[in-house]
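Trainee: If you want the building blocks of each chain, they are given just below.
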Amino acid sequence: DSGVTQTPKHLITATGQRVTLRCSPRSGDLSVYWYQQSLDQGLQFLIQYYNGEERAKGNILERFSAQQFPDLHSELNLSSLELGDSALYFCASSPIGEGNTEAFFGQGTRLTVV
Amino acid sequence: DAKTTQPPSMDCAEGRAANLPCNHSTISGNEYVYWYRQIHSQGPQYIIHGLKNNETNEMASLIITEDRKSSTLILPHATLRDTAVYYCIVRVAAGFQKLVFGTGTRLLVSP
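Quick mapping for you: the protein sequence lines, in order, are chains A and B. The first sequence lines up with residues 176 to 289 when you count with this note's numbering. The second sequence lines up with residues 12 to 122 when you count with this note's numbering.
Simulated from the structure, these hints should not be mistaken for laboratory data. Predicted model, so just to flag it, every value in this text is computed and none were measured. It is possible that some hints are incorrect.
Unchecked claim - Here are some, though not all, of the chain B residues that point toward chain A, as calculated from beta-carbon distances under 7 Å: (1) C23; (2) G54; (3) P55; (4) Y57; (5) T114; (6) R117.
Glycine included, C-beta positions come from ideal geometry on N, C-alpha and C.
Let the sequences and hints guide you as you build the complete structure.
Mentor: See the structure below:
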């Protein structure tokens, strides 16, 4: 158990809909990362937050957005869903956002868009 | 971040050492080598990291060549539960740096 909790574990929704994925980082970790893993793309970095502020951005679509709240949990919002958004979405946390530190990953949310 | 090259797949017999190579010929002096693994769609798991000295922990050993252009992750006594995709990542140890995953090496440990 990495200490990172993601909910829900599974989500099935229809095209055009909007969903919210939730991540609770390890206790005390200030930095949260979001990754997408689809079958043909591997692990793709989406976005990073540190203590409530966006710090790094990857290949995140405009239909996707994220935020980190004062209690440090984070949410990834996916809207106008398409079939191609079906993937595993992972959240990771680390004690700090910079420097030499490892990240701890949650078990992911499997999103299926039908 | 420097790019890494890993073989797409490797096999290992249970109980034997698994040696997973990684080439990072364009690595810079301030970049660390990290290893993660992912067991069948679970969240990636941190294994080990190092700068230039060899490192060992309870999971594995990391051997980095003197010129730092390549490294080897060693699982000393592989078990079936070590079957996973192993990712070698090079990352600057300063600033806000994301982990960039490549395609990794799929290690299959067989009885």
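Trainee: Now, for every hint given, state plainly whether the structure supports it.
Mentor: Structure-based check of all given hints:
no.: 1; hint: C23; result: violated, 22 Å
no.: 2; hint: G54; result: holds, 3 Å
no.: 3; hint: P55; result: holds, 5 Å
no.: 4; hint: Y57; result: holds, 4 Å
no.: 5; hint: T114; result: holds, 6 Å
no.: 6; hint: R117; result: violated, 12 Å
The earlier numbered hints that this structure contradicts are 1 and 6.
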